[in-house]
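Student: Residue strings, one per chain:
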Amino acid sequence: MTELRKRGGGTDRVTKTSSDKEADVEDRHVLPGEAGVDVEGDSESKADSPDVPLSTADNTPQFLNNAVEGLNPRWKNWWIRGVLSLVMISAFFMMIYLGTVMLILVVMSIQIKCFQEIIEIGYRVYHSYELPWFRSLSWYFLICVNYFFYGETLAEYFGALVQREEPLQFLVRYHRFISFAFYLAGFCMFVLSLVKKHYRLQFYMFAWTHVTLLIVVTQSHLVIQNLFEGMIWFLVPVSIVICNDIMAYLFGFFFGRTPLIKLSPKKTWEGFIGGFFGTLVFGFILAYLLAQFQYFVCPVEYNSETNRFTAECEPSDIFVVHEYTLPFAIQNIVQWKTVNLYPFQIHSVALSTFGSLIGPFGGFFASGFKRAFKIKDFADTIPGHGGIMDRFDCQYLMATFTHVYIASFIRGPNPSKVLQQLLLLQPEQQLSIFNILRDRLRNRGILPPAVVEAI
Amino acid sequence: MTELRHRGTTDNELQHQQSDDKGSENESKTEKGGASDSETKPDSALPEVPVPADDTPEVLNKALSGLSSRWKNWWVRGILTLAMILFFFIIIYMGPMVLMMIVLCVQIKCFQEIIHIGYSVYHSYHLPWFRTLSWYFLLCVNYFFYGETVTDYFSNLVQREEPLRILSKYHRLISFALYLTGFCMFVLSLVKKHYRLQFYMFGWTHVTLLIVVTQSHLIIHNLFEGMIWFIVPISCVICNDIMAYMFGFFFGRTPLIKLSPKKTWEGFIGGFFSTVVFGILLSYVMSGYSFFVCPVEFNSDRNSFEVDCEPSDLFQLQDYSLPDALQSLTGWPTVRLYPFQIHSIALAAFASLMGPFGGFFASGFKRAFKIKDFADTIPGHGGIMDRFDCQYLMATFVNVYIASFIRGPNPAKVVQQLLALRLDQQLNIFNSLKTHLTERGLLEEVA
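Chains A and B, in that order, give the protein sequences. Okay, so the first sequence: first residue is 1 according to the UniProt record's numbering, each after it adds one. Okay, so the second sequence: first residue is 1 according to the UniProt record's numbering, each after it adds one.
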């Protein structure tokens with residue numbers, strides 16, 4: 001969404017392109033040597049900077065073009081972006097409606113697309129299309145890392161299903177070993193594929209692939225783990241980041257005056273602060289709305305009988321309305337003594353704060369990256385907005401933060417994982433733990449005394 | 001240890017080596033022209049890391065002044081090799097605590113060497129903040145990993161001390177906050193003319209952290225399982241290096257891989273078999289002592305590490321009946337082995353087959369960045385990284401091997417997690433466990 005905010009004063013996209021070009025030319029003047037830079041390592045031909053040949057041709061669908069033909073270019077651009085924004089938001093709602101499986105598939109598709117976009121950029125930067133094997137190796141590493149992560153997730157959440165099927169049990173038990181073996185095979189293939197003139201290029205691409213995997217794939221798995229906690233833990237953070245983008249843009253558009261950071265010259269302090277407060281309020285309200293529905297609030301579980309995901313449960317404490325007494329200062333203003341809130345709304349304040357303060361840094365990072373490699377957008381997938389990465393650049397840190405937040409403040413250990421570990425222990429250990437547990441439950445009065453006698 | 005193997009058979013290795021390298025460098029200079037990424041050097045200067053002057057200590061120089069250069073070099077390397085092996089024994093003797101500190105020091109030195117190469121390659125000494133940021137990220141990641149380890153193994157100690165308890169409860173959040181601070185500092189430090197350089201160094205730092213720091217923590221995990229899980233893998237890799245070198249020296253004829261032209265198939269296969277034999281013998285010798293075999297535990301009363309336990313099944317002698325083929329060869333019907341020796345065959349096989357790939361990777365890296373050694377910390381051998389390049393995959397492999405084949409989950413930890421659950425979840429688990437145990441016949445239902 002960096003593109004969105006850059007259009008602070010509603011300048012024409014074409015003008016923007018030319019001003020970007022000016023910036024590029026400026027950069028080129030200032031660093032004459034940098035032109036030589038892009039002869040990375042061992043390729044022999046190109047002497048100038050790797051202008052990623054983005055299709056400057058307009059790739060908006062024809063019917064949209066027809067619809068907005070009459071208007072002048074500035075408004076046409078606005079409309080296209082607006083329409084696409086609405087389309088994306090509707091798609092988002094539809095996927096939520098379709099349920100967990102769909103969401104997981106969509107997260108995975110986005111991950112693959114982001115990975116592909118970044119790797120494409122790496123190829124262009126290093127002119128390494130003709131490197132043998134490298135495309136295959138990048139995709140292979142993607143599959144390995146996904147296999148590893150999905151295996152860990154599945155083993156945790158699908159414990160019952162896994163226990164039933166023999167081959168799955170084997171895969172789960174030796175999962176790390178198998179994943180490591182796959183990764184090693186890729187590593188050996190990389191070493192064997194080193195070609196004399198292209199060592200440096202190949203090492204660069206290797207590192208590029210690994211850093212991309214680190215950023216994109218781990219984040220997407222954290223997103224899925226958040227999803228399993230309850231769809232609300234997926235929806236609220238993602239919505240907060242989107243809302244922050246839009247709010248900061250609107251505030252910047254109407255009130256923007258003081259530049260925020262040299263890296264993104266169209267961002268303003270007014271937009272930043274306005275976005276912060278707007279997002280706080282939005283997050284608060286959204287949390288209130290969503291916390292009422294079991295569909296959003298309950299941990300996703302896999303029902304092995306019906307072979308589906310269900311989200312049905314007794315909502316936990318944080319999704320039950322509590323009364324909070326307001327501090328005196330606010331009591332005087334508002335004349336209410338207490339207020340009924342979901343505890344989750346208070347957590348949402350923390351999430352909103354993070355999304356507004358640190359989320360933009362993800363955007364700055366992506367802007368810096370694009371400037372460093374002289375590209376305007378990550379790709380061209382969405383007309384008017386750029387690539388998938390352009391839309392998701394602010395989301396990255398958010399997913400990790402939400403995951404860490406849940407692990408630290410909300411969630412205790414995962415029961416199915418504990419059960420799975422229990423079943424892996426030696427029988428004597430299982431028996432002794434059984435006895436400990438039985439005594440504990442009896443002390444708490446959950447079990448009537450002397451239900452079962454051990455041998 | 002790639003350096004060791006490079007000195008295959010011939011005369012005056014030092015000069016031969018240098019002229020070889022210079023030859024290939026000159027070749028590539030004329031081919032490529034301009035691989036440097038800095039904005040100031042306009043010409044085709046390759047980022048040659050300045051080759052160090054001979055820095056062997058004076059005492060050695062004097063002792064060897066009489067011999068010819070070739071033998072002098074041999075002697076220097078030999079003496080340093082023995083010194084390193086002796087040092088290894090001393091730290092093993094001193095116990096787990098010292099070992100952990102040594103691992104930490106080696107990790108820091110390796111990190112510094114690789115980052116230094118990055119600076120040299122990218123001429124980025126004058127980049128603002130970057131040195132600080134690299135060290136800061138190193139600290140963050142170490143804090144994260146050490147915190148996880150400490151929480152696992154020192155749970156008693158941690159539960160007692162209030163500040164430690166808070167640190168451990170919110171450990172991930174604190175680590176993430178520290179990392180984020182570094183991330184934000186990086187973003188704020190982006191300077192207009194140096195974006196690309198800064199991103200490169202950021203990527204370089206992260207990949208180095210991924211390789212060096214995670215491996216060193218896996219080594220420490222292995223160490224906690226029992227010092228034998230630390231000593232045997234490392235010794236197998238060292239032995240493989242030395243044996244492959246010897247075999248290559250005496251019998252080497254067929255080149256192994258274009259990347260390292262002095263390595264030979266004879267060395268590779270000879271190294272494989274001798275490492276397996278060495279591994280079996282070493283594990284036989286070590287399995288007898290509880291000092292090596294027992295998991296390292298922290299005794300909170302005495303505030304020290306202890307290795308005292310009943311050795312597990314793995315380290316008890318058992319009788320194995322030999323297959324008939326071997327029986328007729330050796331005339332023994334059964335053989336007494338520690339089960340661990342069989343595992344050591346797997347470890348030795350991995351060290352011999354995959355360890356060299358770590359070495360090839362490091363060779364490729366050095367060729368890619370036109371450096372001869374990672375650094376010159378050790379006279380005659382290069383930097384610490386040169387010695388440890390084959391160890392990397394080994395540490396991960398041992399850790400994965402232990403997790404998959406040896407160690408089950410830690411029962412104390414499982415109980416702790418179990419008792420932290422909600423009561424209804426505990427009840428569910430209780431019922432599942434009851435069903436499971438009843439099926440296995442360990443429990444009898446009493447009506």
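Certain hints may be false.
Claimed, not checked - Residues on chain B that point at chain A, a partial pick, calculated with CB under 10 Å: (1) 71; (2) 112; (3) 116; (4) 180; (5) 397; (6) 400; (7) 414.
Unchecked claim - Computed Cβ-Cβ distance ranges for the label pairs, DEER-style: (8) B:146 x A:324: 23 to 29 Å; (9) A:196 x B:165: 29 to 35 Å; (10) B:423 x A:98: 55 to 61 Å; (11) B:88 x A:436: 40 to 46 Å; (12) B:337 x A:428: 40 to 46 Å; (13) B:165 x A:435: 23 to 29 Å; (14) A:423 x B:105: 28 to 34 Å; (15) A:428 x B:353: 33 to 39 Å; (16) A:335 x B:423: 18 to 24 Å; (17) B:181 x A:83: 57 to 63 Å; (18) A:323 x B:146: 41 to 47 Å; (19) B:181 x A:188: 34 to 40 Å.
Please keep in mind that the hints were generated in silico from the structure rather than gathered at the bench. Glycine included, each C-beta is placed from N, C-alpha and C at the ideal position.
Student: With reference to the structure, classify each hint as holding or not holding.
Tutor: Here is what the structure says about each hint:
1. The interface hint given for residue 71 of chain B is violated, since its Cβ lies 33 Å from the closest Cβ of chain A, which is over the 10 Å cut-off.
2. A cut of 10 Å between beta carbons decides the hint on residue 112 of chain B: the least distance to chain A is about 18 Å, and the hint is violated.
3. The beta carbon of residue 116 of chain B is not positioned within 10 Å of any beta carbon in chain A (closest approach about 17 Å), and the interface hint is therefore violated.
4. The criterion of a C-beta within 10 Å of any C-beta in chain A is met by residue 180 of chain B, whose closest approach is roughly 6 Å, and the hint holds.
5. For the restraint placing residue 397 of chain B at the interface with chain A, the shortest Cβ-Cβ distance is roughly 7 Å, inside the 10 Å limit, so the hint holds.
6. A hinted interface residue such as residue 400 of chain B counts as satisfied when its beta carbon comes closer than 10 Å to some beta carbon of chain A; here the least separation is about 5 Å, so the hint holds.
7. With its C-beta approaching chain A no nearer than about 5 Å, residue 414 of chain B sits inside the 10 Å limit, and its interface hint holds.
8. One distance hint, 23 to 29 Å for the beta-carbon pair residue 146 of chain B and residue 324 of chain A, is violated here, with the actual separation near 39 Å.
9. Checked against the given bound of 29 to 35 Å, the beta carbons of residue 196 of chain A and residue 165 of chain B, roughly 57 Å apart, lie outside it.
10. Here the CB-CB span from residue 423 of chain B to residue 98 of chain A is close to 35 Å, at odds with the stated 55 to 61 Å.
11. Between residue 88 of chain B and residue 436 of chain A the CB atoms are about 43 Å apart, so this pair conforms to the stated range of 40 to 46 Å.
12. Between residue 337 of chain B and residue 428 of chain A the beta carbons are some 25 Å apart, a value that contradicts the proposed interval 40 to 46 Å.
13. For the hinted restraint 23 to 29 Å between residue 165 of chain B and residue 435 of chain A, the CB-CB distance of approximately 28 Å keeps it satisfied.
14. For the pair residue 423 of chain A and residue 105 of chain B, the supplied restraint of 28 to 34 Å is violated, since their beta-carbon distance comes to about 41 Å.
15. For the pair residue 428 of chain A and residue 353 of chain B, the beta carbons lie near 37 Å from each other, so the given range of 33 to 39 Å is met.
16. Residue 335 of chain A and residue 423 of chain B have their C-beta atoms about 41 Å apart, which leaves the hinted 18 to 24 Å range violated.
17. Taking the beta carbon of each, residue 181 of chain B and residue 83 of chain A are about 40 Å apart, not inside 57 to 63 Å as hinted.
18. The supplied range of 41 to 47 Å is met by residue 323 of chain A and residue 146 of chain B, whose beta-carbon atoms lie about 43 Å from each other.
19. Our hint of 34 to 40 Å for residue 181 of chain B and residue 188 of chain A holds, since their Cβ atoms are close to 38 Å apart.
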